[in-house]
Structure formats: C-alpha cells, structure tokens
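Given these sequences and hints, build the entire structure.
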Amino acid sequence: MLQVDQGHSLREDSTVEGRRFPGRGPEEELMRALYRDHAGPLMTYVLRLVAGDRYLAEDVVQETLLRAWRNASQLDPSARSLRPWLVTVARRVVIDAHRGRQARPAESGPADLEQVPAADELDRALRMMTISDALDDLTPAHRQVLVETYFKGRDTNETARVLGVPPGTVRSRIFYALRSLRIALEERGVTS
Amino acid sequence: MTEYGRPDAHVDVGAYLLGVLNDAEMDRFEQHLAGCDTCAKLLDELSGVVPALAELGGAGAPEPPSEEMLDRLLDEVAAQRRTRVRRRWLTAVAAAVLIVAGPTAAVLAIQERPAVTGVQAAAFQRTATDPATGASAVVGLTGRPWGTQIDLRLSYVYGPRTCHLVVVGKDGRQETVANWTVSGSGYGTDEHPQPLDIRGATAMRPSDISHFDVITSQGQRLVSVQA
Ligand SMILES: [Zn+2]
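In order, the protein sequence lines correspond to chains G and E. With the first letter of the first sequence counted as 1, position 151 gets the number 151 in the numbering used here; the numbers rise by one all the way through. Each position in the second sequence, counted from 1, maps to that position plus 1000 in the numbering used here.
Mixed in with the good hints there might be a few duds.
[To be verified] One-sided and incomplete, this derived list gives chain E residues near chain G with beta-carbon spacing under 8 Å:
1) S1066
2) L1074
3) R1205
Since the hints were derived computationally from the structure, they do not count as laboratory data. The beta carbon of each residue, even a glycine, is placed where N, CA and C say it ideally should be.
Laid out in structure tokens, this is it:
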C-alpha cells in the first residue's frame, strides 16, 4: 500500500532520488573515482597528442572517461591495467575526431596515428602519466612554482611578481618542490 | 638564513637546475657552487628530476582538466541512469510482448547502454529561450581539429517555415552553418513533441564564437544563444 507521505513516495522512485541527490550513488562514485585518478594524467598525455589544443584535449579526455565508465563491468577502475586501456581509447578518439573533418586537407598532426599504440609509444604514454601523478603529489604551491617557472619559461623574478611573493621565496619553493618531486618519482619507480 | 631575507644560498641549486635564474644570479650561484660541496651533492641528487619534467613539456604547461568536466560527466551518468530506468520499464513491456510475438522479440530486451549523441554529447552546452517568440534552443559546441562541431536542439518552433542557423564570430564574421524546414506541426510542440536536432560545422574555434542566431527565411530572429 502506497503511503501519501512525500518522503516515502520519493524514496520509492530511484530517478527522483537521483535528481534530489545528484552526485550520490555508486555510479557517480565510480565516475568521480575515474576523474580523480585519471583525468589529470590523461589530459597531460592527450594534450601532447593533439599538439596543445586544449578544447580538443578536454573533449577527448571526457569521451574516454565516459567510455571507461560505460565499460566499467569489464574494467577495474583502480587497477594499473586501466591506464593502457585509457591510452588506447584516447588515441582512438583522437583518430576519430580527425576522420570527422570533412573535405579538409590533411594537416600535420596525429592524423597518421595507428589504431593501436606501438609498445614503445604506450610505454612513453604510461611513463608520462606516472610523472604527471608524481607532480600531482606536490603541494599546490610547489606544483604552481614549477608550472610558472619551468613550464611557462619565466625566471624567478618574473614569477615572484606573478605570484606576489618575494623572489627568495620562489627560489626556495623551487628547491623544495624538486626535492619532493624526486621522492614522488622514486616512489613510483620512475628513474632517468 | 630566512626564506624572506637573503635566502639560503644552497636552495638556488633548484632554480639553477631548471634554468630560471637571471644572468647575474646564475653567475653568483656558480661562484658559490665552485666552493660548496653541499651544492655539488644536491646538484647530483636533483639532476634526474629535470629530464622527467622535460618529458611532460612540448605541449606547454601541464594543465588540469576544467572543473566543469566532472560536472558534465556526472550529468551524463544521471542522464544514462534515467534512460536505463525507462528501459527497465520497456524491458517489462517487451517481455510481455515476447509471450505473443515469440523469440524474435527477445532482441528488444537485450540492449547496450545507448551511446550519448548529438547535443548531449557536446563538450559545452548553451541554452536560451526567446521570451518573444517562445523558441527554445540548446547549442552544443565541440572543439575539433578543423574548427567547431555545432549541435542544435530546437523546441517550440512552429511551421511551416524555413530557418537557418547563423554562427557569429567575436570579430563580427557571420556564417550560415545549417538550413532546414519546419512543417506545420512544428518541433517540440504539443502537436509534435519531438524536438529538432540539427548538426552543423564551422572552421571557427569555440573560443572565437560570440553567439548563434536561429533566423527564419523572412529574417525574423527566433532565438539567440550566447556561446
Ligand atoms: Zn651551496
């Protein structure tokens, strides 16, 4: 017998439940886990694959994570084995995006990618994602100082102005960031 | 030896390794390095980190995905869950049909999760409803190597008439990217609830687009959507 009590009848209907508490439930948890563990490193890899096109890279990462979620019953989202799967799917999404261009001459770029990555390319991609994981281990301040100097090509004084901190702080942050990164890389078995 | 006054001379080994000291600072550090065993050791210890960073370079700074991506992903999860709830009901109907129709109808009950397509699959979605015409539009933008894929979903449009979709660039450039006719019953109306789904493409990049206009052949603007 259905009660005319709002609270109870709402709980009967899983779609209403889903709408009232968006972001709850095992399906959402799975998607959050995929995003948390893989979106950043995958973005690093895909950005390289699409020559820095941020819009395209976002599309590719989003589509890849969505496919991982759809195939979750055959995949273990926490396992290291998911990474090769993600790399392979991301490459395929990039290839499909290129096939989608209509009647435009081929530009230099990833258009000539093979459907399946060669072993050494896969290794390189996985290593890159692991380095990205290590970088994510740093505190935000340490990560930021490496991005602002090394990756954006600014010297320590320019960076000090951008971040609004004394130049000495930038220099010491770089030092401690590199020390932390060395440890994070070692823990993940990345050696040069 | 505080971080804020004259910093510990040894810590400059980090910025030196990254190559981000200016010339004067570099000279000063190299003079220090020539007589400092601590820095020689640190230089050795940290030198392996820089090649690892270099492996990430090449495509600019490593950028985290936008926060909106997680929202879009969770929206997809919610949308597909709703589809599945509906399908469970359909499956029950199909099972009932099965008794009458025989084994071929069993195909109905075995379905994959549907691929998300059209405007729902777009990377960015924008919506607008025109208060005067009542027309309602959802525009999906997806960046592609060649430009932007545009998915339009239109509701509350009445016919008969012919319409087109115009993309307006931030530089004022205009491009018609799709044409279509609307029959008497319209789209997304009481008489014909199915909305209209149209796809177009432009060489403009998503970041170069200002807005989209749906225009009738008489030149009336039905709805305008900001990119
Ligand atoms: Zn020293």
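| query | Going back to the hint list, which numbers does this structure go against? | reply | none
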